[in-house]
Amino acid sequence: MKLLPSRLLPRLALMIALLIIFTQVAWFAIVQIFWFPHARTNRADFLAKEIRLAALSLIHLGPDARTRYLRISGSGRLFRIIPAHTGVKDHPLVENSRLNSLRSALDRSLNQKIILARGVEHHLWFGFRAGAHRYWLIPNVRHPRPLLNLYRLLWIILGILASVVGASLILFRSNRRLEAVLHAARDVGQGRKPHRLEERGPQEIVDLSRGFNQMVLNLEKIADDRRVMLAGISHDLRTPLTRIRLGLELLTRQAEPRLTEGLIQDLEEINSILNQFLDYARD
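Once you know that position 168 of the sequence shown is 168 in the UniProt record's numbering, the rest is easy, because the numbers rise by one and skip nothing.
Don't read these hints as lab results, they were simulated from the structure.
Treat the hints with caution; some may be incorrect.
[To be verified] What follows is a set of in silico ranges between Cβ atoms, one per label pair, in the way DEER data are often shown: (1) A117 x L154: 23 to 33 Å; (2) H183 x W35: 23 to 33 Å; (3) R11 x N42: 37 to 47 Å; (4) M215 x R176: 16 to 26 Å; (5) R40 x R210: 57 to 67 Å.
Note that CB positions come from ideal geometry on N, CA and C, so glycine has one too.
Sequences and hints are given; from them, build the entire structure.
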């Protein structure tokens with residue numbers, strides 16, 4: 001059972017698709033192994049600093065100043081801070097290893113239990129304690145639902161398909177040149193004169209087409225030379241053979257009849273062969 005197609009174009013398209021898939025998998029593996037751990041650590045450190053700063057500010061500010069601080073933070077570009085008892089609806093977050101590692105890092109850095117939840121618009125909320133009160137720190141960045149990973153996968157698949165289609169179109173143009181060479185070679189093998197190949201495309205295809213055209217010209221020259229040679233031989237031998245036949249006919253009365261008849265028959269066979277040479281040369 002053959003795993004690869006027998007035709008060149010499908011085989012190259014399949015190999016390019018496998019190469020693209022392998023490259024994507026390798027890239028994701030490299031990002032997962034080398035980049036994500038550092039990104040998680042940096043994100044945890046950044047969030048820990050912001051939560052620690054917000055907790056210290058909320059603890060040491062008076063009631064009026066704390067209210068103004070919460071109002072100002074609500075219009076921040078990076079984070080918002082709201083009290084936990086504001087009645088804003090939040091939803092439990094689906095547990096996974098990535099969020100668990102983030103929460104564990106925050107717990108160790110802040111020495112308190114950090115609560116993770118999903119609020120409105122799918123933002124990731126971080127619940128922390130400042131004195132006797134609890135607050136939510138809300139980054140102004142949406143935390144994607146797991147379903148979005150499916151869309152991301154679909155985009156990757158579409159990208160792979162687009163790459164394969166584009167590569168297939170490029171290969172189709174090159175393969176068309178190779179098929180032209182193949183058809184021309186079949187014509188030569190069957191004794192037909194092929195059309196001259198276009199010398200366009202990649203340099204390798206141009207060299208192949210140029211070499212094939214030169215080979216066809218050389219074969220035509222050899223065939224022409226052979227026809228000229230056969231015609232010349234036939235013409236040069238016909239005159240002395242005719243002279244010999246006339247001499248034999250004149251000697252028929254003096255020589256033995258059987259001998260002269262046999263010689264004349266041999267001359268006729270030689271003439272027949274020469275006629276075949278001439279017919280071949282004309283064709």
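### Task
Given the hint of 23 to 33 Å, check if A117 and L154 actually sit that far apart at their C-beta atoms.
28 Å Cβ-Cβ, so the 23 to 33 Å window holds.
### Assessment of proposed distance window 16 to 26 Å (beta carbons of M215, R176)
20 Å, holds
#### Entry: Assessment of proposed distance window 57 to 67 Å (beta carbons of R40, R210)
Given a distance of about 59 Å, which is inside 57 to 67 Å, the answer is holds.
### Query
Lying within 23 to 33 Å: is that true of the beta-carbon distance H183 to W35?
52 Å, violated
### Whether the CB-CB distance between R11 and N42 falls inside 37 to 47 Å
The hint (37 to 47 Å, Cβ to Cβ) holds, given that R11 and N42 are roughly 45 Å apart.
Comparing the model with each numbered hint stated earlier shows that hint 2 is the single one that does not hold.
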